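Mind docking chain H on chain B? Use the hints.
Protein chains in written order, with this note's numbering: chain B, 1 to 470; chain H, 1 to 470.
Source of the hints: derived by calculation from the structure; they are not laboratory data. None of the hints are false.
Pairs of lysine to aspartate or glutamate, EDC-like flavour, derived with a Cα cap of 16 Å:
no., chain 1, residue 1, chain 2, residue 2
1, B, Lys390, B, Glu245
2, H, Lys99, B, Glu148
3, B, Lys99, H, Glu144
4, B, Lys157, H, Glu64
5, B, Lys99, B, Glu110
6, B, Lys131, H, Glu68
7, H, Lys99, H, Glu68
8, H, Lys157, B, Glu64
9, B, Lys277, B, Glu245
Given the structure is predicted, the values throughout are model-derived calculations rather than measurements.
There are 2 protein chains.
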Amino acid sequence: MSASTSTIAALSTPPGRGALAVIRLSGDNAHEIFAAVVGEKEKFIKESARQIGIYTIVDDNGTEIIDEITAIKYNAPRSFTGENMVEIFCHGGAIIPRKILDRLFMSGAEAAGRGEFSRRALLNGKMDLLKAESIAGLIDCQTEKHLESAQLAYQGKQLKSLEKLKRKIINILSDIESRIEFAEDDDVAESESKLIIENKRELELIISELEEDLRRSDMVKSLDEGIIIALAGPPNAGKSSLFNEILGYDRSIVHDVPGTTRDAVSEKIVFEGITVKLFDCAGIRITADAVEQRGIERTLSAIKDAHIVFWVTSADTPLTDDERNGIIDAAAVDDKSSDTGRKKTLIIINKIDIVKSEEKKQFCADRSLEYIEISLREKINADALFAAIKSSTAQISEDMPPPEIIINDRHRRIIAAVASNLRDCVFHYGREELSAHYLKKTLDLLAEFLGHTAGDEVLNEIFEKFCIGK
Amino acid sequence: MSASTSTIAALSTPPGRGALAVIRLSGDNAHEIFAAVVGEKEKFIKESARQIGIYTIVDDNGTEIIDEITAIKYNAPRSFTGENMVEIFCHGGAIIPRKILDRLFMSGAEAAGRGEFSRRALLNGKMDLLKAESIAGLIDCQTEKHLESAQLAYQGKQLKSLEKLKRKIINILSDIESRIEFAEDDDVAESESKLIIENKRELELIISELEEDLRRSDMVKSLDEGIIIALAGPPNAGKSSLFNEILGYDRSIVHDVPGTTRDAVSEKIVFEGITVKLFDCAGIRITADAVEQRGIERTLSAIKDAHIVFWVTSADTPLTDDERNGIIDAAAVDDKSSDTGRKKTLIIINKIDIVKSEEKKQFCADRSLEYIEISLREKINADALFAAIKSSTAQISEDMPPPEIIINDRHRRIIAAVASNLRDCVFHYGREELSAHYLKKTLDLLAEFLGHTAGDEVLNEIFEKFCIGK
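In isolation and in its complexed conformation, chain B is listed as follows:
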């Protein structure tokens, strides 16, 4: 692999209003092109690498100043890309970074493609594919959990895990292949049969670890999209008021006719740093009204998909059998959540300014259900409510360790395929040839993961998801 010889330039900070912007310039002629656009050519040529200096970017006549900037020179191979580079720190905003880029383009630089700086770093051996992907993960992550996982990859722990996995597979494969070679030898020694059992156990362990990582990465993905809180409970118990209380503004109509909120309404908010998707469900009530019926279906599905259910009930109404069943269903840890143990249900007994409901408290206590008593109207215990929201969301986000090897969709796809191959291998474990086939396919997949077999097309696909200037 040899470095591309063209020189690329791009804005590496987000567009928009800001005090500063950073422009990166990389390639064989990076220094010459930069020298061509500044008023202080000699100073730049003499400047030592990695030392910041002040320069003026001038127009093509060398007369008008476009901007006064600072810049750092990097000599190949001691740079991010491994090429000659200049990092330009200019004034931000809509006009100046564009004008400086125009000057660089006029002087021979080309517009960098998505992820092209990282791609050059990869081609020049400055980083491997996993590190390049981890940087994209660092930039794109929306949650701390995602960050932790990208950080593990950035620090090379993902690579270590993958190499360990690869070595294990190679060892098991070589055991199997030696058995194939000496197949005429019908006698299986005791030590040999012990090894077969051990290897199978090892494979099962690997599969369960990969499945755990897949689950964690699913969780990270859903955290990225937001923790789903469903507000459920009987009509007129205060779900919409609670929804509005949380949002802090009047989002859905609140009044006293039961069944007012016909449909699930949702809102995405950031609550104490965690993205939360709030669903205000229609009251669960059996009714002939088709519209309300549809709302109920949506409610049930929102409860099923939710990470947290707030069951809102009113202290001034008796506990019906319907509601008993509703709460029990909502609190039941379903199949999906049992994997991660993540579903939480909190019973919110509202309207305690009117009356206290010993019956509902007792019901919760009997079933060890978490509950709080509040009055939304009189703002009684509102603090406790917010504390409960905070602790439930924080708990969900903290409970689960980050995935160790999956930080993006490409990894998820490959690891799912690896796990599937290893399951096939275990399933056919007695049949050496077949087992070896699945292990070889696994090794191919791992090579793909590590980028060892990545052709231009695969790299194009990977870097296409990067941002410009990376």
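For chain H alone, kept in the frame of chain B given last:
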């Protein structure tokens, strides 16, 4: 003035997805606070100033890595603010810059207020108020013209012009004051009376220069908001079709009933890099219909406010007296535009696929009015149309030099007051005491402009308009 001793931190690049973000840290403890959040404390302490180095930001236990960054140390007073500073270049995106800022805040830094870095630079004598404002102008400018003007200020040319102006006023004032002092001396020497006339002429010249700058700054302001193109002309001539042709999509209803477009509709587009506000005017027609009448009023006002008028007429209708007058009015350089000479009118003779109108061509030629013949329906001469739009907008934007001393609303307000005082001074020129009064007020205003008399309140107001991280 002494520097504030607290240490401030802020993101200096726009928030959002980007390869890099820049965080600035400034204040007495900037180096200590940075050292507290990185894994390489010793390395940072030993590192020489202005040299970029690689560090890792670690969590408060020093165990988990938040990001691998590069950073530059600056020693007071050789920094942007004149204080100890660190510039941190971290990975961009939603999470990492926030986490690093949180670490800095936890370690003793405070969140920087709007423009607080610039304000400290001002207090430490690293820049004057005008330079600080010019940086805000560089960042906030929306057009090249605005950039040129901010650049002039940034390079100190604005300051020079103001100081020259101030010296002239001081000279004239001292002449007047010496006359007041020797007022008993009734005899006015010939040289003295010559000086009086010269000074008055000088003042008039200054006033006209300031008025020119005010006009230029108005122009920059309106360029920032967009060049206004009004599409006027008789009903059913193709204004709405032209409007849609320019926008490239169906914005207003186009059909064959005259008077369809009842009201002026407008759209803001960026045409070849220049912001353009396009007004599709109702057909000018005298009618009893109140709604249409209101549309006509709006049309007349849109023509009056427009920088460019496209008068759309149809080749297949005769030239009525109403239209003759309409074109003559539109093309007439009105009082406002005569100041800047900026109004352009282009006659667009549409529907030449049906018939050619020698009468309308002749009318334009007789009055040296620019015209083009097109057919929007048959796309005849569409290129010429776009070339005409391009050249008219580019011409307007290039014709006018940028203002020399006014780059923001504060300057505009002060210079308007200066011009008004000087006009009063000229008006009362015979009366020495009054003239001196107006000149003193002028000097006060110039001191305010230069920031020499700016108290905390004024500075608050100025820096409040800056962005965070500046």
